[in-house]
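From first to last, the protein sequence lines are chains A and B.
In this text, residue positions in the first sequence follow numbering that gives the first Met the number 0: the first is 0, and each later residue adds one.
In this text, residue positions in the second sequence follow numbering that gives the first Met the number 0: the first is 0, and each later residue adds one.
Just so you know, the hints here were simulated from the structure itself, not pulled from any lab data.
Mixed in with the good hints there might be a few duds.
[To be verified] Where chain A lies over chain B, by a calculated footprint (3+ residues, C-beta under 8 Å):
| # | region |
| --- | --- |
| 1 | 47 to 53 |
| 2 | 96 to 108 |
| 3 | 218 to 227 |
Treat the numbers as computed from the prediction; the structure is a model and nothing was measured.
The beta-carbon is built from N, C-alpha and C at its ideal position, and this holds for glycine as well.
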Amino acid sequence: MIRGWSAVYLREVIILKRRIAKLIPAWSVSPLLYLIAFAYAVGQQPNFDGHGHTYPQFLLPGLAAMASMTQAFAIAQEINIARFYWHIFDEFQAAPISNPAYVLGEVLAGMTRAFMAGCVILILGALFGVVLSYNLHFWIAFFLNSFAFASLAVGLAMHVKSHADQALLNNFIITPMAFLGGTFFPLSKLPIWGQRVLEILPLTHASKAIRAAAFKEPSHASDYILLAVVGCVCFLFAIISVNQAKS
Amino acid sequence: MIEVNNLSKKFGNREALAGVNFTVGSGTIYGYLGPNGAGKTTTIRILTGLTRRDGGTVQLNGFDIEREPIKCKAQFGLVPQHTNLDAELTVEENLLIHGRLHHMAKADIIHRTAEILDYIDMEDRRKVLAKTLSGGMKRRLLIGRALMHTPSILFMDEPTVGLDPAIRRRIWGFIKKIQNDGATIFLTTHYIEEAEFLADKVAFLDKGRIVAEDSPAGLMAAIGEWAVDFLEENRLQTVYFNSRDEARNYVLDQTNGCTVRRVNLEDAFISMTGRKIS
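With the rest of the complex left out, here is chain A:
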């Protein structure tokens, strides 16, 4: 049923490899600015979050969580370029591969982008003297989050009609989540109602799980389960959307 996914994935990896020299600096700019502006210029107090961590230590896992979302979601842009400019989507649709295979290939490509961008952030953090624990739990939460957002990206990419639509999705989905999903500040600093609202966002749970793992603190299984469920629902949505993409 998923035979052929590797062809879709391989195509994206070849393009990623070809562009890597441009992408690494591009992936570095935002985290570098956040680390300089927020972590060093604004906050250096030793117990920022009430658990004994400095703001750079608090921020770095949040940036990793954000990268696992934004870079996985960026696969939508690649799909749109392939659809609207190069018409490559037709080549995939005319090939003897199933829609789940196509979705899986694209989702894994999104997760690969996210992983590489995440690594860039961790290396930048190390250069700024922030080294945390990047253990199995850290990466499980990271990949579950990127799986969810890459799947959502593939699904939404099938519904947008132009690049302008894609920019709107980024504005309304990704940007608010990036700032409100527990990336830059602890949710405990918000009023209770605000915390409840933001707990709806998958990124909130990814930030919590990734941060807990990075700090070697006990994590909540519910965060991982929720990310896995959201990921599966989005994956299903992506398959249905690819089906509907045939006029």
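Model the placement of chain B on the given structure of chain A, informed by the hints.
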């Protein structure tokens, strides 16, 4: 073999295809001729599973495109009207990805890539990015890519559109060569001479309906062998005759300048539909 029965498709209120029927025998070139907007691309998109039909059946080598899409898609190669090469991949990477999409083994991909590059005469372009190729080379690569998995059916949607006459002739040579290698070819075009040169059988498509189907010679013979063109009230008129002598005699009676020429497929199309193809 391609079997299409009562194929229909609507876009909103517009009927793109209205009960199209045809059969394409193995090893033949079937020319699907009609003006822009007649339904040629819609037909090819339905036949290749890119667009859903509203009604009718489509079978490729006995497999239904909607009920058994995976088996069906393994039967054909597609040369689309618009170049859809992966611009950021090299020539050989385009072939590699196509081979992988068609579940070819690694050794077969290597072997077949060499064969295809030789076939389309692009061995020296192997490592070149597809976006840097000329229009003619892109078309050749599209054809080569469609043949990569050795399909028994080849769909070609306006394969020479936008190409200069010399390159068009070269592509025609490829198409004939592909037929000689045993493939069944479904070719849409609005170039009269292309259909005349290549097709064993031609269907005229007008407003979503097949209005005639026969060999090019058969379609032309139905209106006569010779045509006389002349201007009447600033409009080009054409009269058809069964022999050159009849045409000459007609010209002798005319006071305006006339041109005597052989009948072509466009004449057949106009006489059947009252419309021009191009």
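Taking beta carbons only, do three or more residues of the region 96 to 108 of chain B come closer than 8 Å to chain A?
holds (count 6)
Whether chain A covers the region 47 to 53 of chain B (at least 3 residues having a Cβ closer than 8 Å to its Cβ atoms)
holds (count 5)
Within 8 Å of chain A (C-beta), three or more residues of the region 218 to 227 of chain B
violated (count 0)
The structure shown violates just one earlier hint, number 3.
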